[in-house]
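J.: Going line by line, the protein sequences match chains A and B.
So in this note's numbering, spot 28 of the first sequence is number 397, and the numbers just go up one at a time.
So in this note's numbering, spot 213 of the second sequence is number 582, and the numbers just go up one at a time.
Check before you lean on any hint, since a few could be wrong.
As the list claims (entries may be wrong) - 30 Å max Cα-Cα, derived BS3-like pairs, lysine-lysine:
| no. | chain 1 | residue 1 | chain 2 | residue 2 |
| --- | --- | --- | --- | --- |
| 1 | B | K557 | A | K511 |
| 2 | A | K557 | B | K511 |
| 3 | A | K575 | A | K642 |
| 4 | A | K511 | B | K511 |
| 5 | A | K473 | B | K615 |
| 6 | B | K567 | A | K575 |
| 7 | A | K511 | B | K574 |
| 8 | B | K453 | B | K438 |
| 9 | A | K668 | A | K642 |
| 10 | A | K556 | B | K567 |
| 11 | A | K567 | B | K557 |
| 12 | B | K556 | B | K642 |
| 13 | B | K510 | A | K642 |
| 14 | B | K438 | A | K642 |
| 15 | B | K557 | A | K615 |
| 16 | A | K574 | A | K642 |
| 17 | A | K511 | B | K438 |
| 18 | A | K567 | B | K556 |
| 19 | B | K438 | A | K510 |
| 20 | A | K473 | B | K567 |
Simulated from the structure, these hints should not be mistaken for laboratory data.
All values derive from a computational prediction rather than experimental measurement.
2 protein chains.
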Amino acid sequence: MINQYTMVPLHIDGDEPGALLERRSFLAAALKAAGAAALLALPGKGLTTDLHPPETTYTVQEIIDLILKEIPGAPFAHTVDTIKSGNAGQKVTGIVTTMFATIKVIEDAAGMNANFIIAHEPTFYNHEDDIHWVLHNEVLKKKQDLLQQHQIAIWRFHDYWHSHLPDGIGYGVLKMAGWLPYYQPDKKMVQLPPLSLKELLLQLKKNLAINHMRVIGDPDQICERIALLPGAAGGQRQILLAENEKPDVLIVGEVHEWETAEYIRDARQLGSKISLIVLGHGVSEEPGMAWLVEWLGPKLPGLPINHLASGDPFIWA
Amino acid sequence: MINQYTMVPLHIDGDEPGALLERRSFLAAALKAAGAAALLALPGKGLTTDLHPPETTYTVQEIIDLILKEIPGAPFAHTVDTIKSGNAGQKVTGIVTTMFATIKVIEDAAGMNANFIIAHEPTFYNHEDDIHWVLHNEVLKKKQDLLQQHQIAIWRFHDYWHSHLPDGIGYGVLKMAGWLPYYQPDKKMVQLPPLSLKELLLQLKKNLAINHMRVIGDPDQICERIALLPGAAGGQRQILLAENEKPDVLIVGEVHEWETAEYIRDARQLGSKISLIVLGHGVSEEPGMAWLVEWLGPKLPGLPINHLASGDPFIWA
């Protein structure tokens with residue numbers, strides 16, 4: 370699998386344990402700050418030059434640079450975290466964070482007067498965002514036109530967010546799942562108070578706002594050691610973690626069915642108790658892009674920053 | 370996606386149109402033939418040398434060679450269709466065809482005294498069946514031990530079966546779906562009598578014996594032009610077919626969610642009517658391995674050959 374996912378240790382400092390991630394909008398606070406800034410910025414009011422005027426002074430590149438200062442080893446020589454639309458010098462009117470910059474997310478961002486989307490996953494339907502991956506792709510062309518029309522910049526924040534300490538996605542998921550008290554940075558497993566697989570599924574559905582999941586396992590089986598790999602880490606990493614750690618449950622976003630799903634099915638038919646929960650790719654990592662609002666907001670005073678969940682693309686029939 | 374799938378023209382000659390694929394067991398007929406052969410083979414009965422004694426005289430390699438004679442361009446220089454377990458010279462007591470040689474399929478084959486499994490997909494959880502893909506894989510080791518214990522040979526029949534004319538998987542699916550009358554070899558689309566997406570889902574569930582599907586689309590929308598790509602063809606092929614043919618519905622086995630699912634979601638949000646049905650990888654191609662019994666049986670008189678469906682690994686929660 371090409372989608373690189375690195376589970377780095379989560380250092381949990383000063384965060385309220387066990388709370389659900391509140392999808393808190395910074396819009397109200399941001400507007401207040403922007404209003405105050407507008408007053409300060411009135412001509413002739415003697416605005417000091419070292420005060421960063423908040424309303425229109427961040428460019429896309431300045432925001433990216435500000436983020437990269439927090440990422441160990443950044444900038445990376447090779448990364449998919451590039452600007453997919455718009456340009457680096459563009460003045461940012463507002464930020465939307467999301468998993469996928471779908472047509473709806475783009476339109477909603479434009480409607481909020483936010484012209485910078487920070488998306489965790491590709492914009493153009495392949496990991497490298499190669500716009501020639503499928504030649505004469507009319508859907509892709511229309512998406513580019515829409516982005517051009519609204520003058521919206523998109524930056525992918527994937528490799529860097531996973532490389533943050535703690536992993537921005539992993540931390541967001543643990544927080545929203547209510548599992549921060551059960552995670553220890555030096556352990557690869559989340560150690561939960563024992564509960565049945567059925568109870569675990571209900572808890573995940575409620576806390577992560579997921580309607581449907583695919584599962585291999587016995588609903589009545591008791592679980593406590595949880596391996597959490599949101600996103601599409603690929604069969605090799607998923608199976609390696611299962612083999613090394615022997616968790617009760619492996620929770621992932623997406624699988625190759627011929628890899629991890631068949632491995633788990635065989636393991637169980639051979640007598641292992643390991644279960645698999647497939648959350649869905651987007652919904653499994655969305656909490657990490659919601660947490661980005663909390664993480665980034667205070668670094669950009671006065672700039673509206675909101676999370677728009679791109680949501681599950683599927684209906685289940 | 371590494372799983373090569375080639376949709377080759379289906380030449381439909383002399384097959385009863387529209388019939389559901391009857392999962393006909395050749396066991397009864399085969400046992401009769403084997404009994405007759407046993408009589409013929411009694412010592413001193415003067416068995417003629419040009420009569421191929423049916424009960425134990427096929428080796429794994431002889432059966433593979435017999436199959437490859439029917440595949441254009443075979444043998445291929447590069448193919449994943451290799452022997453995964455057992456050996457080429459092994460005498461075959463019976464054949465089981467399946468999608469995945471799961472632990473249960475192996476045990477059931479052993480219980481039927483069939484020592485040759487022809488599987489469409491990998492045995493060891495990766496496309497190349499590299500047994501070192503995940504080091505110290507205990508599940509894989511136990512599977513090898515079980516295969517050794519029962520002296521079972523496994524051969525993968527993937528690239529060659531897709532290269533058969535007609536594509537063995539595609540033909541099996543069309544047959545079981547009841548769509549042979551609606552397929553024309555020179556067209557890439559299946560042209561169905563108009564029906565709603567909801568009706569199409571019910572028809573697929575019933576005819577292909579599938580319990581659950583993931584869908585992007587409007588259940589009430591009328592469909593007639595169907596793009597059928599069972600298995601995991603990869604986003605590039607799936608999207609290319611969608612772009613080139615503009616079907617009402619794209620039906621696949623498995624997707625990368627960040628590729629085809631997001632492409633379809635965006636296409637619809639841009640006003641396209643295209644829908645996506647994700648059947649599940651195994652169940653989407655299983656009919657092609659069921660059809661293999663009908664195709665191969667008459668070529669191996671006297672040898673028991675049966676299909677065992679490996680089935681959907683998931684429960685849906």
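J.: Take the hints in turn and mark each one as holding or not.
T.: Outcome of the hint check:
no.: 1; hint: B/K557 - A/K511; result: holds (25 Å)
no.: 2; hint: A/K557 - B/K511; result: holds (25 Å)
no.: 3; hint: A/K575 - A/K642; result: holds (25 Å)
no.: 4; hint: A/K511 - B/K511; result: violated (52 Å)
no.: 5; hint: A/K473 - B/K615; result: holds (22 Å)
no.: 6; hint: B/K567 - A/K575; result: holds (28 Å)
no.: 7; hint: A/K511 - B/K574; result: violated (34 Å)
no.: 8; hint: B/K453 - B/K438; result: holds (21 Å)
no.: 9; hint: A/K668 - A/K642; result: violated (45 Å)
no.: 10; hint: A/K556 - B/K567; result: violated (47 Å)
no.: 11; hint: A/K567 - B/K557; result: violated (44 Å)
no.: 12; hint: B/K556 - B/K642; result: holds (21 Å)
no.: 13; hint: B/K510 - A/K642; result: holds (17 Å)
no.: 14; hint: B/K438 - A/K642; result: violated (44 Å)
no.: 15; hint: B/K557 - A/K615; result: violated (46 Å)
no.: 16; hint: A/K574 - A/K642; result: holds (22 Å)
no.: 17; hint: A/K511 - B/K438; result: violated (48 Å)
no.: 18; hint: A/K567 - B/K556; result: violated (47 Å)
no.: 19; hint: B/K438 - A/K510; result: violated (46 Å)
no.: 20; hint: A/K473 - B/K567; result: holds (25 Å)
Of the hints listed earlier, those the structure fails to meet are numbers 4, 7, 9, 10, 11, 14, 15, 17, 18 and 19, in rising order.
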